[in-house]
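Colleague: Relying on the hints, combine the two individually framed chains into one complex.
As they're listed, the protein sequences go chains A and B. This note's numbering applies: residue 1 is where the first sequence begins, and numbers increase by one. This note's numbering applies: residue 1 is where the second sequence begins, and numbers increase by one.
Treat the hints with caution; some may be incorrect.
Calculated lysine-lysine pairs in the DSS-like style (CA-CA distance at most 25 Å, straight line) [said to hold, decoys possible]:
id	chain 1	residue 1	chain 2	residue 2
1	A	K64	B	K331
2	B	K103	B	K350
3	A	K64	B	K153
4	A	K37	B	K153
5	B	K139	B	K180
6	B	K331	B	K350
7	A	K64	B	K139
8	B	K103	A	K64
9	A	K64	B	K350
Keep in mind that the hints were calculated from the coordinates and are not lab data. Note that the coordinates shown come from a computational prediction; the quantities given were computed from them, not determined experimentally.
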Amino acid sequence: MRLVSSNNLPRLFFLAVAAAALLPACSSVTPVAAWEKGTLARPEMTFDWDRLESDYAEHTYNSKESAAGGAGVGGGGCGCN
Amino acid sequence: MAVTEPWLSPSQAAVGKALLAAASLLPCLPSGARAETAPTFTSVSYKYLDYLDFQPDAERVRVIANAVNVVSPINERWSFSAGAVTDAVSGASPRYYTNALTKLEDYRRAQNISLTRWGSSGSVTLSHARSAERDYISKSLGITGVWYVDDTKNTAVTAGLGAARDVIDVPARGVNNEGKSVNDFLLGVTQVLTRNDVGQLIARYTTGHGYYTDPYKSIDERPRERSGYSALVRWNHHFPSLESSVRSSYRWYQDSFGIRAHTLGFEYVQPLANGRLVVTPLVRWYTQTAANFYLPANPGRNGRTYPAEDAVYYSQDQRLSAFGAQTLGIKSAIRVSGNTWFDIKYEGYKQRGQWALAGRSDASLAPFNARSVQVGISTRF
Numbered sequence: 001m002r003l004v005s006s007n008n009l010p011r012l013f014f015l016a017v018a019a020a021a022l023l024p025a026c027s028s029v030t031p032v033a034a035w036e037k038g039t040l041a042r043p044e045m046t047f048d049w050d051r052l053e054s055d056y057a058e059h060t061y062n063s064k065e066s067a068a069g070g071a072g073v074g075g076g077g078c079g080c081n
Numbered sequence: 001m002a003v004t005e006p007w008l009s010p011s012q013a014a015v016g017k018a019l020l021a022a023a024s025l026l027p028c029l030p031s032g033a034r035a036e037t038a039p040t041f042t043s044v045s046y047k048y049l050d051y052l053d054f055q056p057d058a059e060r061v062r063v064i065a066n067a068v069n070v071v072s073p074i075n076e077r078w079s080f081s082a083g084a085v086t087d088a089v090s091g092a093s094p095r096y097y098t099n100a101l102t103k104l105e106d107y108r109r110a111q112n113i114s115l116t117r118w119g120s121s122g123s124v125t126l127s128h129a130r131s132a133e134r135d136y137i138s139k140s141l142g143i144t145g146v147w148y149v150d151d152t153k154n155t156a157v158t159a160g161l162g163a164a165r166d167v168i169d170v171p172a173r174g175v176n177n178e179g180k181s182v183n184d185f186l187l188g189v190t191q192v193l194t195r196n197d198v199g200q201l202i203a204r205y206t207t208g209h210g211y212y213t214d215p216y217k218s219i220d221e222r223p224r225e226r227s228g229y230s231a232l233v234r235w236n237h238h239f240p241s242l243e244s245s246v247r248s249s250y251r252w253y254q255d256s257f258g259i260r261a262h263t264l265g266f267e268y269v270q271p272l273a274n275g276r277l278v279v280t281p282l283v284r285w286y287t288q289t290a291a292n293f294y295l296p297a298n299p300g301r302n303g304r305t306y307p308a309e310d311a312v313y314y315s316q317d318q319r320l321s322a323f324g325a326q327t328l329g330i331k332s333a334i335r336v337s338g339n340t341w342f343d344i345k346y347e348g349y350k351q352r353g354q355w356a357l358a359g360r361s362d363a364s365l366a367p368f369n370a371r372s373v374q375v376g377i378s379t380r381f
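Next comes chain B alone, as it looks inside the complex (with noise of 0.2 Å):
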């Protein structure tokens, strides 16, 4: 079990035993009303993805992913959900800043599985997850619950602890079976608005201890210990009179590190064609402030400001700068038959120095772009 690993401290083995306690605890919710029950309908998901990032003077990384997600029905009382994912990297990446572009090539597998238990006034899920590379593994466990503060059912509280527990292996960098132990602690409510209005908040917060640095950069000592929050605001709105729906959320993040993020996004959702098609343009803006231990490029010394001869932490990793981004995209969804849809999903990524809200920037990087393809289907049964 993951929780007697060496690198746990006597807190977070705590969370983990805290998990299973409460995992022991599925049948017992309550029965009673069942106006709650599990799905009564099988679905089937899959997707493939073709993502590409770049710069003007070359392409980085390519992934080539599949997924399959399952949900289905046990009982009346019971489902689960269970997934995997094939990820083919290839590409390069830099070794600092948006220089020294080496190449690397790499396979994931990662699995998920869930298991949820209906009541009368709410549910818990049970999760646990496993992604695999060659120099990364990632084992986490999670358990989830929501409760109707009333018989309304107006109004859910939902409770979360997660643990993950990852090893990182890279010997031809001096890195070897190096571990690190992340937590999350979360707490939302979810809220009905009107009949056409439902609103959530997310409180998270997480902390873990371990090897945050990055082996792949050459100048790169990140502190061992990171903690950070985040609050997640989502609202959805319907319009009947154009039969769209609005979907837009905002998260605020901060953590140890000294990064802040202002993350906004929204989505319009538009039913065609008596809803045999349904087109979701979206948009999206991030912004963070840099890491107080990043170096930013020096364009007098090649490039570069290398570390403090007494600096314990440092870095000239991108992505710990001050940015700014900004996301656009479309999704198609047609429906092929019954309850079966295929759909196709295009997005353009474009991150710059010079829009960060906050923080000094470093115009000395390069622009980084992204764009993704995704085409899936689903069905229903």
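Looking at chain A on its own, in the form it has when it is part of the complex (with noise of 0.2 Å):
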């Protein structure tokens, strides 16, 4: 039996991440100051490090793989074949 029926999944995994946006505001995780920031803003340390890199990279493992996307939206589509 399934506990939860799949047509359900997007709206639960929706509530799910917005719960999670929310926690922070009552967690007990240590406020980081401005001037404390310095590490974090290094280029490695951003999710966004190396654009054409991220790019081709998705490009060449959706041309082989069955799953797709992760962190953006309207990236289009192609052939690959």
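Modeller: Here it is as structure tokens:
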């Protein structure tokens, strides 16, 4: 027996992320002050480090695997035979 | 405008209208304190890619690609990004499973442009991309908003909408002006955890309809509807004592074709020589189950399983089988002068049926491999 209908999964999924977005407001994560974020500003600590490299990776993986997408929207498609 | 294309359902046309309406709000972001502004410098990047995939008895597809990207401020509140890619594709692709390799040659041109409005509490980016091959044209539009939850800017919520409209034309295979439309919905949160840790969770839902069949496969008929969802978790950690960082990611994916997939990746970033050299080894694991209409190879019948007479959907595409894959790579970036960097990256990829973590793998398929070399240069001024 399936505990969750696959039709409801997207809704549950987005609710979970919305809940995650609200968690920090009531969590015990110690706030990091602006002057303590020097390390986080390093290029390798950002999630969009090398745009061309990540575009190539996504494009070549999409051509040989079925799972696609991740961090962005509206990237468009290709034939990729 | 793509949203008037005849294959759009009313709900998808509504998404297109919502995108345009959201875009019209771009200049209306609150002004006020200017803690977040457009980048203060212009970045220009170029990359060359040499990609080859192959199986033990033959080379398959080779791609030589050139890509350039520019990110530049327009003023304190606006910035833009623009990019262009050319792909020269040659080699051979299998008609079924990993057999009957058939020659192919194509040339792809793609462009993308985005405009970002920066405000005191976040940013909104409107993006457009276009990709054209001889037999496949894709146009897409996206809008992404990032909002900081409070003044500490430790928590950011991201929301995005995307719409892609594709046209497939392969007259030689009886495919004329087929369409495919895909809409994306994205919701995410980025959280500063400590002064050395930042995490991100992104959920994405994709729904589309139209022509999903591969016209170059000899036996292939796929559903005209496809929806899927994914969750991406990323965590970057910095080791102050080593001056190094680990970039880790995990993606969970499931779609209406019956495919479930897991992807796990790690990159270790180590600056050397007082930061003039950065070495980044990386590893990635991937596994997927087979589509529920995939026909496993059958060694007893010329290596093929044919669809039942009453079958509606069927495919002998290796990419819809159950398999696992691993990637090993290394990237080196050298500071040439000032803010100019030269980089080179090598990756090796192996895909095997027996590496599938779940689902019945197809041991009859030939092992599939790929390797890629990227060379790039980037500067900012």
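Colleague: State for each hint whether it applies.
Modeller: Now for the hints, and whether the structure bears them out:
Between K64 (chain A) and K331 (chain B) the alpha-carbon distance is near 22 Å, which keeps this suggested pair within the 25 Å criterion. Between the alpha carbons of K103 (chain B) and K350 (chain B) the distance comes to roughly 22 Å, so the proposed pair stays at or under 25 Å and holds. Restraint check for K64 (chain A) and K153 (chain B): not satisfied, since their Cα atoms lie roughly 39 Å apart, outside the 25 Å limit. With a CA separation close to 11 Å, the supplied pair K37 (chain A) and K153 (chain B) stays within the 25 Å bound.
Straight-line distance between C-alpha atoms of K139 (chain B) and K180 (chain B) comes to about 11 Å, which keeps the hinted pair within the 25 Å bound. Restraint check for K331 (chain B) and K350 (chain B): the C-alpha separation of about 18 Å stays at or below 25 Å, so the hint holds. A distance of roughly 21 Å separates the Cα atoms of K64 (chain A) and K139 (chain B); the hinted pair therefore holds under the 25 Å criterion. A distance of roughly 17 Å separates the Cα atoms of K103 (chain B) and K64 (chain A); the hinted pair therefore holds under the 25 Å criterion.
At roughly 11 Å between alpha-carbon atoms, K64 (chain A) and K350 (chain B) fall within 25 Å of each other, so this suggested pair holds.
Hint 3 from the list above is the single one not met by this structure.
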